[in-house]
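Undergrad: Read off the chains here:
Protein chains: 2
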Amino acid sequence: MRNIMIKIEYDGTNYNGWQIQPNGRTIQQEIMVALKNLTGENANINGSGRTDAKVHARGQVANFYTASSIPIERFPIAMNHFLPEDITILEAREVSNEFHARYWAKGKRYSYHLYNHPQRSALLRNYSYHIPYSLDLDKMKEAANIFIGAHDFKGFMSSGSNVKDTIRTIHAIKVNKENNSIWITFEGNGFLYNMVRIMVGTLVEVANHKRNLNTVKVALEEGDRRQAGHTAPPQGLFLDNVFYPLTH
Amino acid sequence: MRNIMIKIEYDGTNYNGWQIQPNGRTIQQEIMVALKNLTGENANINGSGRTDAKVHARGQVANFYTASSIPIERFPIAMNHFLPEDITILEAREVSNEFHARYWAKGKRYSYHLYNHPQRSALLRNYSYHIPYSLDLDKMKEAANIFIGAHDFKGFMSSGSNVKDTIRTIHAIKVNKENNSIWITFEGNGFLYNMVRIMVGTLVEVANHKRNLNTVKVALEEGDRRQAGHTAPPQGLFLDNVFYPLTH
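Those sequence lines, one after another, are chains L and X.
Quick note: the first sequence uses our numbering, first residue 439, plus one each step.
Quick note: the second sequence uses our numbering, first residue 439, plus one each step.
Mixed in with the good hints there might be a few duds.
Since copy identity is lost for identical chains, a pair holds within one copy or between any two.
[Claimed, not checked] Here are the simulated DSS-like cross-link-like pairs (lysine-lysine), alpha carbons at most 30 Å apart as the crow flies:
#1 LYS615 x LYS579
#2 LYS445 x LYS602
#3 LYS445 x LYS474
#4 LYS544 x LYS602
#5 LYS615 x LYS492
#6 LYS445 x LYS615
#7 LYS592 x LYS474
I should point out that these hints are in silico values taken from the structure, not numbers from a laboratory.
The task is simple: from the sequences and hints, build the whole structure.
TA: Quick look at the structure:
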C-alpha cells in the first residue's frame, strides 16, 4: 500500500467541522467519499487534528493508504474532481509507511482575522470576527507576549477535551493590521481545544481595555477557564500550516 | 424630503445583480424592503449603475429621498438591522436635493481578482477567477497600457446595452501580484456593459501568450466584439468606488 500525504484548503462555512460524525456534513467525510469514488477503496483519512464547525483551513494535512496506481502528481486534480468546490486538495506527496498526519505533527500555524470597522462586512462575514469598537494594538501585542514560551494552558481550553498534558509551547504570535483587517498568527508545538479562539477573545478584551495585562498572567498561572477571556467565534480562524520533521 | 446618499458593500454571490427584476433576489430590492421596514416609505433607490449577478461591491453608491427624521449617523446601523448579512450600508450622508447617484457620477474604480494556482481555491471560489496556467504579468501590463486614455470601447461591450456613445476614458490600470492573487484595478470616467470583464479576459489571453499586443490594438480600433477576448466570469469583479464632484 502507498501512504499519501495531502495538503487541504477548505471553507468551513457549510461544514460541521473536520471530523466525521453521525449528523451533518464534515470535511473528513467528503474526502473519504471522493477517494472512494476515485479509487473504489474505503480509506481512513488521518487528519493532523480536528477543526470546529465554520473554521477554515489553508493548509490542513492528512494521510491515507491506497493500493491505487494513480501517479502522485495527478492526485490533487483527480480528487478535486470528486470534491465539492469548498474543499481543495492543494498538493499530494508519497511518504514513508510510518508517517501519520497527527502523530508526526511537530507544530501548527493558525491565523485569526478580526474585522475592525463600525459596520459589519458583507464580504467578510464568514471569514472574520467583527469588532465594531477601537482596539489598542500595542496593548494587544504586549498581552500576546505573555503567551510566548512553554506554559500550562489549562485555563485556555474549552471543556469537552480529555487531554491530560495541557502544557504547550508557543513560538511566535504576530499582529498585523492592513486597512480594516487585523490578522493574528500563532505558531506553536500544539494547541488545546479552542485554545487559539480563547487567546484571541482574551487579546480582544485587553485591546478594548476591558481587562489589563495582569489578568492575563493570572488566568495563565491559575489555569482557570473562568479567568480567561471569551471564546472568539469560529469563522475568523484559519489553520494555515502543519509542521513535520524534515525526514518522512 | 431629505436626500440620503449611501455607500454599500455587498457579496453578490447569492443575488441576481443590483437591479430589481421580476425573478430572483436583487440588491436594490433588498435595500428597498429594508428602508420600507425602517421608515414605512416606498422609496426609489437610485444606484450609480447596475452590477451583474455574482459581482461584488465594496463601495457601490446610491441615493433615496425620505421624510424620516432618523439622524444621519444612525442610518447605516438602522438599515443594516433590516438587511441580510451579505449587504452592508457602510456610511450615509445627507446631500443636496439635486444629487443623483447615477447622473452625478464622474468615474468609478473596479478591481478584478485572478487566482493563479494549479488547483482551484476553496476559500476564494466565489471571489476570484481561477487561472491554473502561468501568466506573463509584464505582457499583461503592456496590454493594459493600450486601454489607457479616451477610446471608443464598442468592441469591449456585450450586447444587451442600448448605449449610443461608446467613448470612455480610462485613467489608470494597475496590476498587483501578492502570493497567488493578482489584482487588476481600473479607474475611468465610466464603463460600458461588461467592459471590465472583457478587458480582463483580453488581458488574460495576452498574459497567457494566446494573443499578441497588436490584436488588442486592432480589437480597440475596429470596435468588433469578436476580436476582443472572452468575458471574464463575474465573481472576480468588485465595484470599489464611485467618484463624484466635491460639491454635493
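Undergrad: Run every hint past the structure and note whether it holds.
TA: Status of the hints after comparison with the structure:
Taking the closest pair of Cα atoms, LYS615 and LYS579 come within 30 Å of each other both inside a single copy (12 Å) and across two copies (29 Å). Proximity of LYS445 to LYS602 under the C-alpha cut-off of 30 Å is restricted to the intra-copy arrangement: shortest distance 29 Å within a copy versus 52 Å between copies. Within a single copy, LYS445 and LYS474 get their C-alpha atoms as close as 18 Å, which meets the 30 Å cut-off; across copies the closest is 48 Å, which misses it. In the homo-oligomer, the alpha carbons of LYS544 and LYS602 lie at most 30 Å apart inside one protomer (18 Å), although the nearest pairing across protomers, at 64 Å, exceeds that limit.
For the identical chains of this complex, LYS615 and LYS492 are neighbours both inside a copy (23 Å) and across copies (28 Å), given an alpha-carbon limit of 30 Å. Taking the shortest alpha-carbon separations for LYS445 and LYS615, both the intra-copy value of 28 Å and the inter-copy value of 23 Å come in at or below 30 Å. For the homomeric pair LYS592 and LYS474, neither the shortest alpha-carbon distance inside one copy (39 Å) nor that between copies (51 Å) is at most 30 Å.
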